[in-house]
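Work the whole structure out from these sequences, hints included.
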Amino acid sequence: MKLGFSQAEEQFRAECAAWLQSQLNGDFADIKGLPGMNSMIERRKDWEQRLAENRWSVIGWPEEWGGRNATIAQQVIFAEEYARAGGPNRANHIGVELAGPTILAFGTEEQKAKFLPGIANGTQIWCQGYSEPNAGSDLANVRTKARLEGDEWVVNGQKVWTSLAHYSDWIFVVARSEEGSKGPKGLTFLMMDMHQPGVEVRPIEQINGDAEFNETFFEDARCPADSLIGTPGDGWRVAMGLLAFERGVSTLGQQMGFRNELDAIIAAAKTNGLDKDAVIRQRIAKAEIGLRLMRYGALRMLSHADSAQIDGAALTYKIQWATWRRDLGELAMDVLGQAGEIAEGDAYEWSALPNMFLFGRSDTIYGGTNQIQRNIIAERGLGLPREPRGDK
Amino acid sequence: MKLGFSQAEEQFRAECAAWLQSQLNGDFADIKGLPGMNSMIERRKDWEQRLAENRWSVIGWPEEWGGRNATIAQQVIFAEEYARAGGPNRANHIGVELAGPTILAFGTEEQKAKFLPGIANGTQIWCQGYSEPNAGSDLANVRTKARLEGDEWVVNGQKVWTSLAHYSDWIFVVARSEEGSKGPKGLTFLMMDMHQPGVEVRPIEQINGDAEFNETFFEDARCPADSLIGTPGDGWRVAMGLLAFERGVSTLGQQMGFRNELDAIIAAAKTNGLDKDAVIRQRIAKAEIGLRLMRYGALRMLSHADSAQIDGAALTYKIQWATWRRDLGELAMDVLGQAGEIAEGDAYEWSALPNMFLFGRSDTIYGGTNQIQRNIIAERGLGLPREPRGDK
Amino acid sequence: MEFAFTDEQVMIAETVQAFFKDNATSERTRAAMKADGIDRELWASFCTELGLAGVGLPEDFGGAGLGMVEFAIIAEAAGAQVAALPLLGLATAAQAIAAGGSEEQKAEWLPKLVSGEAIAAAQSIYGLSVSGNTLTGDVQFVPHGASADVFVLINADGAWIVRKDAPGVSVTTHTTMDQTRPLATVSLAGVAAEPLADAGAARDALHNGAWICLSAEALGGAQEALNRTVAYSLERVQFGRQIGSYQAYKHRLADMLVDIEQARSAVYWAACAVDEGSDEARLAVHSAKSFCADTYFMCAGNMIQLHGGIGFTWEHDAHLFFKRARSILSMYGNGDWHREQVAALIMGEAA
Amino acid sequence: MEFAFTDEQVMIAETVQAFFKDNATSERTRAAMKADGIDRELWASFCTELGLAGVGLPEDFGGAGLGMVEFAIIAEAAGAQVAALPLLGLATAAQAIAAGGSEEQKAEWLPKLVSGEAIAAAQSIYGLSVSGNTLTGDVQFVPHGASADVFVLINADGAWIVRKDAPGVSVTTHTTMDQTRPLATVSLAGVAAEPLADAGAARDALHNGAWICLSAEALGGAQEALNRTVAYSLERVQFGRQIGSYQAYKHRLADMLVDIEQARSAVYWAACAVDEGSDEARLAVHSAKSFCADTYFMCAGNMIQLHGGIGFTWEHDAHLFFKRARSILSMYGNGDWHREQVAALIMGEAA
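Residue numbers (our numbering), protein chains in the order written: chain A, 1 to 392; chain D, 1001 to 1392; chain C, 2001 to 2351; chain W, 3001 to 3351.
Treat the hints as calculated values from the structure; they're not laboratory data. Every residue gets a Cβ at the ideal spot worked out from N, C-alpha and C, and that includes glycine. Wrong hints could be hidden among the right ones.
Claimed, not checked - Derived lysine to aspartate or glutamate pairs resembling DMTMM-like cross-links, with alpha carbons at most 25 Å apart:
(1) Lys3164/W x Asp1346/D
(2) Lys1002/D x Glu2059/C
(3) Lys3164/W x Glu3041/W
(4) Lys1002/D x Asp2204/C
(5) Lys1270/D x Asp3138/W
(6) Lys1276/D x Glu2059/C
(7) Lys3164/W x Glu3103/W
(8) Lys145/A x Asp220/A
(9) Lys45/A x Glu219/A
(10) Lys2/A x Asp30/A
(11) Lys3034/W x Glu1152/D
(12) Lys3034/W x Glu1344/D
(13) Lys1002/D x Glu2002/C
(14) Lys3034/W x Glu1349/D
(15) Lys1182/D x Glu3235/W
(16) Lys1002/D x Glu2008/C
(17) Lys1182/D x Glu1387/D
(18) Lys45/A x Glu64/A
(19) Lys270/A x Asp2336/C
(20) Lys276/A x Asp327/A
(21) Lys3021/W x Glu215/A
(22) Lys1185/D x Asp1210/D
(23) Lys45/A x Asp30/A
(24) Lys1270/D x Asp3336/W
(25) Lys270/A x Asp1277/D
(26) Lys182/A x Glu219/A
(27) Lys270/A x Asp327/A
(28) Lys1032/D x Asp1263/D
(29) Lys45/A x Glu15/A
To be verified - Calculated from the model, a selection of chain C residues having no Cβ within reach of chain D, i.e. all distances over 12 Å:
(30) Thr2015
(31) Ala2064
(32) Ala2107
(33) Ala2189
(34) Glu2261
As the list claims (entries may be wrong) - Simulated restraints on C-beta separations:
(35) Gly1390/D x Thr231/A: 35 to 45 Å
(36) Ala2344/C x Ala3018/W: 27 to 37 Å
(37) Ala352/A x Met1240/D: 52 to 62 Å
(38) Ser3187/W x Gln1049/D: 47 to 57 Å
(39) Ala3018/W x Gly1390/D: 34 to 44 Å
Right, here's the structure in full:
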């Protein structure tokens, strides 16, 4: 057991850092440190292309598909250095982290050839269509329908919380293909072109005034019959496999963002004198401790990533960071005081800390609410009885 | 709406105070401020007698049974003044607050004549037999059996958490009198003499080293056929009616004890300098606020006591004070530091604050755990669906 | 022992609850949020038709008499709908003028404030440069400051009335997180302010009014956040069950009620204590402000959480509650500060 | 990236977990609680048969080498059974002697401590009267102080060895809430103490040892409190259902695991950081002590609560966990103090 990385890994880190810094202080200085998911999308696509040209866009993938076969440690290191260098949010993170790995694992050779290059080089941006208005926590309660008409699937229904849909080229959709089926049975996993008349995207404005999420409506939207992954009716297995790809390698990069947020709070406290307030100091210390434990929890989890064993650190990680960040938002506002409630300009647009406070309320909801997380921890981690469904 | 009491009520307060102080600074000075439920029981019985002689033992009861027909406000005032004067814990509080009111409400004239005088004057101490090893939160899951043999009930089974049983003369027992019945049906409410061979009491030692609770075993214990309240099989209704007698008039007296505990913590902080610690000051302030809100919550609840409406203040009061006091115990220990972990003498016996810390852990359990309280609040107070039983 | 509403108080409560429920609709509030955070039509009906703007103010000057208990009943009902109204100005500035103003000052301002003809705002100005009655500097975070016609400003040495149209006054409005009560900066360039006759009385009235008003708003908002979440929990089905049937969900709602009931005790304890001139008044107002603000924030946060995804959309009203709750936390002293006052009251001097 | 146990560490963990589970039974611990809080037979087997008392101590003096990670593995396993052992003395006094003692001091004490022949205890003596190497005054709250043969005492200026049988030393034992580790007062009347050669190294080793040992005990205790409560929740039926099927109950257990996993990261971060001489070591030990102590207390409190009535009886073991947890909270600096150290490390000087 040891804290750090091996010498070879540190060498890899130096290589990542050097390249990223040269780019983000050079050709891509304009998008260095860019916040949010919405702005400068064309430049961020250019950036994906530049990453791909240098085999940095999908380093965990096999070399034949543009990757480097990178180890988990290397992926962690790249994520850290990417964050440290001020890399902008990856425009195609759903393609890179979810769609691509799913196609790699379950797709046909034709599908790989068709989709993977565009994912790797950012020319094809992806979004995901899981949640529906009546399938929030209950993901399997899908009502969007797909029927095969000749050599095409015809899709009707509505997805919600489709982040990035407004600039995506492709969407993967879990749809009910067997009339009358319920829950996880009878679903099919389809890959659909967003650029067609049957697909309409409407942004959902959030409490911070921004709109990162969308509703996506399908009205006789179509895709070729071979656009499915797996077999018809088998979509749930594919979708669940896909969720499993979120192995947390991006976690340590994400934590660097948290680090910046906490540092900004400390700086604000030093400016307004609250750094001398014993109660605030306790809360800052708790936040610092929580952040450090997040790092070492992630390292424990990733050090075990190849083990089949259910890992407590992995099971608890989501609720841990989401709760930590929600609390950090409250601390930020308490430190800023009323100044934090005033926007910088005339628009309802927020600087980093108040925005984090507002947006942070969603951290404990999306990707499985804290309540769902606790069910999962209790049932899978502790072997407690499952919560009964009401419709069984 | 007003904070205080009427002039007439204040006059009654003065009368209570004068009498109580004269006694507790006079003949009964030896038991003034006596903590716990176990010590000096004979003197505390004498004290009950003195209270009764002056019609102060059961002031809410009708005059014919030794009471004063006191209003709720007067009962509150008496409880406050009793606590303020340092009155010892009432040896017969179960008789006075639970058994007596039940007999008054549901008993026959013979039963009233037989039992009420002894309750009022403390010559007959009562305890209650509700809980059983498998009926903790699930009070209706009674297994103790009663069968009618000739002109006697014969009782077999085990009760637990029977506080005061070790010096009680009488116990009321909820027993299953209908073979094969389940849950709240088929139970009978019996009043039994503790002084008989079929009744055995074993003290339960608690985590503070003291033993206020007992297990009570019934092995062919007997009582006359007419020792029941209500009718056979109707015991659950009687028992639930009995619980409803806990109207909280003793609440404000209990709060005076809490006040003393908080004052002792403040005094300890002033002694060891933690009164200058900003974090401790926040916690003391929170405790103070909580205590004040408990007082005004109780006054709201009691001001409404005649209303049929479900009162939020009444529903939430138990969890409020129990949680407050558990937190107070933690604050006490944090203020005392390691000194609080050292007993005064050689025995495992604790001074007031550490004892409160230890014993306070039971406050959130007995009389309905915090979990049960939250069910009740959600179901009765908010109209949420009931928690399903597993055996229905 | 009558720590319960009188029949008259029950009647006032029913009237104002119905009034705000019917009129302070989400649609109207959102329209006000796009403007200056005041639903002027609502304010006009409140002042003139309902005639309740004068509650807690002397009848001689157009007020309705009564006291802070009745004011709290109104603020609770307004807060329950997150109504976009300058009620806080009545609680602070008007109370300060009524308590510390000369007869002339009262006669000039109170009738206008009660009728809704003028809007008032108040703030403390510790740190500002004060020379005699000439004030210079920026007064920050003035609630509804951009809409106010008159300001009451206090510091440890005095209390003043400043008209918005006085020479040297300029006001900058700010886009504020809680758009139902935007904050403004009032800049004073050597403004000749009008001193209130009894600065101490004005200061106490302003503080008590602010803290009771915010506490009562918080109570109303917290209760309504609970009510709406309970209603949603009975409607929304996940995994084939009403989400309100999940015990963890139920318990969280129960915890909200536990704190709300305490907040209710706190608000009316504080209001009664001030009305009765009780020794406990200072303890009560600090207790109420800190406890109620925390309760509201907890309940509004739970409202979002327990609504799931829809709860953090702009379209749903949960964020109105949440942002109002957040603003109350900081306004006129945050929780730590109020609790420190409580500690000082019961333990002696500040740490 | 190898922040996971090596195969050797896994083996040590399995060995000590089995050892304490089999031997540190409730019955034996309760017998020790009636005596001086040490199960001497257990201590003897641990030191001699298992041979693990030397973990983290130099091989030259009878130690087993290895480091604080391995020590933490042992303390975690001992803490899981609330074993009545003077392990903390090894973590503090023996570590201090190893780090700051002269060769002679090490040669004299370490072999005896490793073999179990002698028991050690340590405490800081800020506020005591120190004149050269002559110590006078009462050393309070010495863990297992009444059973110790040797004390290591430190303050800002020095570090000393004091033998129990030295002239002027007298020890008063106290009935202590946690009877598995009674506190004693060691009274020094002009005692000629033996200075450790490198006081700074001794002080750091003592503190790091104390904080890591207590953190690891807390981790083990918290995990075991969770395990036993989970087991009970599957056995106990109320209202016709396993109580572990109630969602509120499940969620509370889940919350325990969330904190325990963080505590686990904290313990091994701190132990690694000390072993590796990392820059993060001070931050890590303060983080670990405060976080793990809080986690244990929360879990042990929940253990009582979730067992219902039986949980607060003397007969049930829950109170052993609860009292150990409570004692760890205060021992060698409470949570507020450790967090203040963290704040000072990241923000600069103390408030």
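Status of the hints after comparison with the structure:
1. Lys3164/W x Asp1346/D: holds (22 Å)
2. Lys1002/D x Glu2059/C: Measuring from Cα to Cα gives roughly 22 Å; hence the hint holds.
3. Lys3164/W x Glu3041/W: Judged against 25 Å, a Cα distance of about 22 Å means the pair holds.
4. Lys1002/D x Asp2204/C: holds (21 Å)
5. Lys1270/D x Asp3138/W: holds (22 Å)
6. Lys1276/D x Glu2059/C: violated (46 Å)
7. Lys3164/W x Glu3103/W: Distance of about 21 Å is within 25 Å: holds.
8. Lys145/A x Asp220/A: holds (10 Å)
9. Lys45/A x Glu219/A: Judged against 25 Å, a Cα distance of about 29 Å means the pair is violated.
10. Lys2/A x Asp30/A: Violated - the C-alpha atoms of Asp30/A and Lys2/A are around 38 Å apart, more than 25 Å.
11. Lys3034/W x Glu1152/D: violated (47 Å)
12. Lys3034/W x Glu1344/D: The given pair, whose Cα atoms are some 17 Å apart, holds under the 25 Å limit.
13. Lys1002/D x Glu2002/C: holds (6 Å)
14. Lys3034/W x Glu1349/D: Answer holds: Lys3034/W to Glu1349/D is near 14 Å, not above 25 Å.
15. Lys1182/D x Glu3235/W: holds (21 Å)
16. Lys1002/D x Glu2008/C: Roughly 14 Å between the alpha carbons, so the hint for Lys1002/D and Glu2008/C holds.
17. Lys1182/D x Glu1387/D: Satisfied, since the Cα-Cα distance of roughly 18 Å is no more than 25 Å.
18. Lys45/A x Glu64/A: Holds, because 22 Å separates the two Cα atoms, which is no more than 25 Å.
19. Lys270/A x Asp2336/C: Given that 25 Å is the threshold and the Cα spacing comes to 18 Å, the pair holds.
20. Lys276/A x Asp327/A: Cα-Cα ~20 Å, so holds.
21. Lys3021/W x Glu215/A: violated (55 Å)
22. Lys1185/D x Asp1210/D: violated (36 Å)
23. Lys45/A x Asp30/A: holds (13 Å)
24. Lys1270/D x Asp3336/W: holds (18 Å)
25. Lys270/A x Asp1277/D: holds (21 Å)
26. Lys182/A x Glu219/A: Since the Cα atoms of Lys182/A and Glu219/A sit roughly 22 Å apart, the hinted pair holds (cutoff 25 Å).
27. Lys270/A x Asp327/A: Judged against 25 Å, a Cα distance of about 20 Å means the pair holds.
28. Lys1032/D x Asp1263/D: Holds, at roughly 19 Å.
29. Lys45/A x Glu15/A: With Cα atoms ~23 Å apart, Lys45/A and Glu15/A stay inside 25 Å; holds.
30. Thr2015: holds (17 Å)
31. Ala2064: holds (17 Å)
32. Ala2107: With a cut-off of 12 Å, Ala2107/C remains clear of chain D, as the shortest Cβ separation is near 31 Å.
33. Ala2189: Label holds. Min Cβ-Cβ 38 Å, cutoff 12 Å.
34. Glu2261: Label violated. Min Cβ-Cβ 5 Å, cutoff 12 Å.
35. Gly1390/D x Thr231/A: 35 to 45 Å: Cβ of Gly1390/D to Cβ of Thr231/A: about 39 Å, so the range 35 to 45 Å holds.
36. Ala2344/C x Ala3018/W: 27 to 37 Å: Taking Cβ atoms as reference, Ala2344/C and Ala3018/W lie about 56 Å apart, which means the hint is violated.
37. Ala352/A x Met1240/D: 52 to 62 Å: holds (57 Å)
38. Ser3187/W x Gln1049/D: 47 to 57 Å: holds (51 Å)
39. Ala3018/W x Gly1390/D: 34 to 44 Å: The hinted range 34 to 44 Å holds for Ala3018/W and Gly1390/D, with Cβ atoms some 36 Å apart.
Of the numbered hints stated above, those contradicted by the structure are hints 6, 9, 10, 11, 21, 22, 34, 36, listed in ascending order.
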